[in-house]
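Engineer: Spelled out, the chains give:
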Amino acid sequence: MSTETVDSPPSGRIERDRPSRQRALTRIAARPGLILATVFAALFVLAALAPGALTRTDPMALDLGHSLAAPSLAHPFGTDEQGRDLFARVVHGTRLSLGIGLGAAAVSLALAVVLGSVASLGPRWLRAVVSRLIEIQFAFPTLLLALLLVAITGPSAVTQVFAVAIGTAPGYARMIRGQILQAKGSAYVEAALALGHPQGAIVRRHVLPNAVRPLVSVFAMSIGQSIVWASSLAFLGLGVAPPSPEWGALLDAGRLYIVHAPWLTVVPGLVIVVLAVVATTLGNHLRLALERGER
Amino acid sequence: MTLTSPTDRSILTHDATGSPVPGPAGPVPRRRSLVVGLGVLRRLGAALITLWGAATLAFFAQMALPGDRATTIFNIRAGQAIERTPEELAPINQAFGLQHPVLVQYLDYLGGLLRGDLGTSYQQFRPVTAIIGEQFPSTVVLGLTAILFAWILMVLWVTLTAGRPAWVRSLGAFVDTATAGLPHYWIGILLLVVFAAGLGWFPVISADKPSGIVLPALTLAIPLAGFLGQSTRTEFESTLGQPFVTTARLRGLGDATVRLRHVLRHALLPAVTLSGWAIGATLSGAVIVESLYSRRGIGTVLVNAVNQQDLPVVTGIVVLVAAIYVVANLLVDALYLVLDPRLRSQA
Chain X
1 MSTETVDSPP
11 SGRIERDRPS
21 RQRALTRIAA
31 RPGLILATVF
41 AALFVLAALA
51 PGALTRTDPM
61 ALDLGHSLAA
71 PSLAHPFGTD
81 EQGRDLFARV
91 VHGTRLSLGI
101 GLGAAAVSLA
111 LAVVLGSVAS
121 LGPRWLRAVV
131 SRLIEIQFAF
141 PTLLLALLLV
151 AITGPSAVTQ
161 VFAVAIGTAP
171 GYARMIRGQI
181 LQAKGSAYVE
191 AALALGHPQG
201 AIVRRHVLPN
211 AVRPLVSVFA
221 MSIGQSIVWA
231 SSLAFLGLGV
241 APPSPEWGAL
251 LDAGRLYIVH
261 APWLTVVPGL
271 VIVVLAVVAT
281 TLGNHLRLAL
291 ERGER
Chain B
1 MTLTSPTDRS
11 ILTHDATGSP
21 VPGPAGPVPR
31 RRSLVVGLGV
41 LRRLGAALIT
51 LWGAATLAFF
61 AQMALPGDRA
71 TTIFNIRAGQ
81 AIERTPEELA
91 PINQAFGLQH
101 PVLVQYLDYL
111 GGLLRGDLGT
121 SYQQFRPVTA
131 IIGEQFPSTV
141 VLGLTAILFA
151 WILMVLWVTL
161 TAGRPAWVRS
171 LGAFVDTATA
181 GLPHYWIGIL
191 LLVVFAAGLG
201 WFPVISADKP
211 SGIVLPALTL
221 AIPLAGFLGQ
231 STRTEFESTL
241 GQPFVTTARL
251 RGLGDATVRL
261 RHVLRHALLP
271 AVTLSGWAIG
281 ATLSGAVIVE
291 SLYSRRGIGT
301 VLVNAVNQQD
311 LPVVTGIVVL
321 VAAIYVVANL
331 LVDALYLVLD
341 PRLRSQA
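So the sequences go chain by chain: X and B.
Sequential numbering of the first sequence, starting at 1, is according to this note's numbering.
Sequential numbering of the second sequence, starting at 1, is according to this note's numbering.
Please keep in mind that the hints were generated in silico from the structure rather than gathered at the bench.
Possibly wrong hints are sitting among the right ones.
To be verified - Computed beta-carbon distance windows for the label pairs:
id: 1; chain 1: B; residue 1: L114; chain 2: X; residue 2: E190; range: 26 to 34 Å
id: 2; chain 1: X; residue 1: A191; chain 2: B; residue 2: S238; range: 41 to 49 Å
id: 3; chain 1: X; residue 1: R205; chain 2: B; residue 2: R42; range: 54 to 62 Å
id: 4; chain 1: B; residue 1: V194; chain 2: X; residue 2: L68; range: 30 to 38 Å
id: 5; chain 1: B; residue 1: P203; chain 2: X; residue 2: T153; range: 32 to 40 Å
id: 6; chain 1: X; residue 1: A106; chain 2: B; residue 2: R251; range: 52 to 60 Å
Said to hold, decoys possible - With the C-beta cut set under 8 Å, the calculated list includes, among others, these residues of chain X facing chain B:
id: 7; residue: I152
id: 8; residue: G196
id: 9; residue: L256
id: 10; residue: V259
id: 11; residue: A261
Cβ coordinates follow ideal geometry from the N, Cα and C atoms, glycine included.
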């Protein structure tokens, strides 16, 4: 943004900067959702990098005298069956949960980019084969594909990353294929072809950038989705196992007490939902910003 | 490599909507029906290839189990993890046909699928079809109830909120988006905590009681309703501006009649397509819901099988679900012809 030099702006620029800065501020103020999402995202990142800054309580410290205590001032999220503070556990579980989500989103999109571009740019026979392959994968619901991998390798955090990535990749691959085909059929590619540019250069310079740019926002959104899927696996007892404070593992551990201590499952679930909403909101705004930038 | 061949374009238009795009009306009706017939054949062929691909994936997933398979099977059955002697393993190799080359095993597997044989469970030593067959009806009932609930919720919500004053419209759309994104387990937990544990209206463990299906089905229905609502709402609001709606209003029909009798019919088309897709998603959600509510069904079987690495059961369910997905999508295409008279006149 051009408003970074606002402390001591050259006198000529101040008149031009002020309206644009005001416009930027009103634009942000008009979007309370964006501010809220950014604040929460910052909190999640802080919890992942420096959990000690948010809570001094040890997430593993037992306190059997205060087991299954409802949320209170001392324990804002309540305590579990061994008296461990749920807030501390959620904060300390952020790193692993975000890590799994980031990892799964990255692997998934990498797979999708490879499959999607081969399915749209490869030789004709390969295009047909890979397109069909994407459609075949699409016939498997995400969770089933993920469970198939867990069945082969056994549950663990690494399996969770790859299981979720393989489960979600077909959808993204299909999307990327569509994007590339759209770019391929566009007028500017036709113009470049007519001008006699080599095809490799056209793909590199025009098709891929246009097809891949939307992925920035998709990546942000897919982090949230990946965490939801990964926590679904863990909820089934097929992810990171308790007593790890990973969010999915918290859900798994809390299931036994769903009637008597509902906060043990409701709160970690809510945290995951909030993260998914934050990721989607930021992804959406990123997409809008990119679209504005194009114009 | 040609960058813009006509075939590329046709692939794009066909796949972008995922629905049968009526080809440009040809000049001669006979040629048009030929085009439609070819389209149907192509879709059938694609469905068969998808099924074959699913079966192949299922077969190689079984091969991918680390370690010697006969030893794994023996140990899964015995609940131990030790080396076995060749004499011990011989009957297992015999029973599962593991002594044959991979290609023979693969063809055997495909042949078995054609005869409706999904293999034998490692753990229970029973045909996978028998295990699935016992549990499947419960899941089907759950899934169909959920889809029914979802349609009821979605139709009510969209008809009530679409095309109303701006704040109602955005509230409607917000609820669609918000519910579509909620994880099944969380909705399930909330419903369980409020309606079963809190108010005591429904049993906590649904088992096979008839009243036990309400919460599990609602858990699956709420995100589905949001998902279907998103596309229905868009279609509903664009249909409201169509000339035939104005005509209907001019004929003196009331707002409710116009919405229910004329607009809804058009607006539901995308939701029909998505419902075909939703059957797969619903089955996948059923895994979570059955586990949460301790319900019988293939979801529960699947989770146990994954835990035990009982791969024939896992792949059997995966192949079954893929087959359901493929058949459901073919049916949806057929349903399109019933619902949209414009397509019928072209076919």
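Engineer: Now tell me if each hint is right for this structure.
Structural biologist: Hints, verified against the model:
1. In this structure, L114(B) and E190(X) break the distance hint of 26 to 34 Å, their C-beta atoms being roughly 47 Å apart.
2. The hinted window of 41 to 49 Å between A191(X) and S238(B) is violated, with their beta carbons roughly 33 Å apart.
3. Against the hinted window of 54 to 62 Å, the Cβ-Cβ separation of R205(X) and R42(B) comes to about 35 Å, which falls outside the hint.
4. About 19 Å separates the C-beta atoms of V194(B) and L68(X), a value inconsistent with the hinted range of 30 to 38 Å.
5. Checked against the hint of 32 to 40 Å, the C-beta distance between P203(B) and T153(X) comes to roughly 36 Å, which is consistent with it.
6. Against the hinted window of 52 to 60 Å, the Cβ-Cβ separation of A106(X) and R251(B) comes to about 58 Å, which satisfies the hint.
7. With 8 Å as the threshold, the beta carbon of I152(X) comes within range of chain B, its nearest partner Cβ sitting at about 5 Å, so the hint holds.
8. A cut of 8 Å between beta carbons decides the hint on G196(X): the least distance to chain B is about 13 Å, and the hint is violated.
9. Given the 8 Å rule on beta carbons, the hint for L256(X) is violated: about 12 Å separates it from the nearest Cβ of chain B.
10. Interface restraint check for V259(X): the shortest CB-CB distance to chain B comes to about 4 Å, inside 8 Å, so the restraint holds.
11. Below 8 Å, beta-carbon pairs count as interface contacts, and A261(X) has none with chain B, the closest being about 10 Å; its hint is therefore violated.
Of the numbered hints given earlier, the model fails hints 1, 2, 3, 4, 8, 9 and 11; all others are met.
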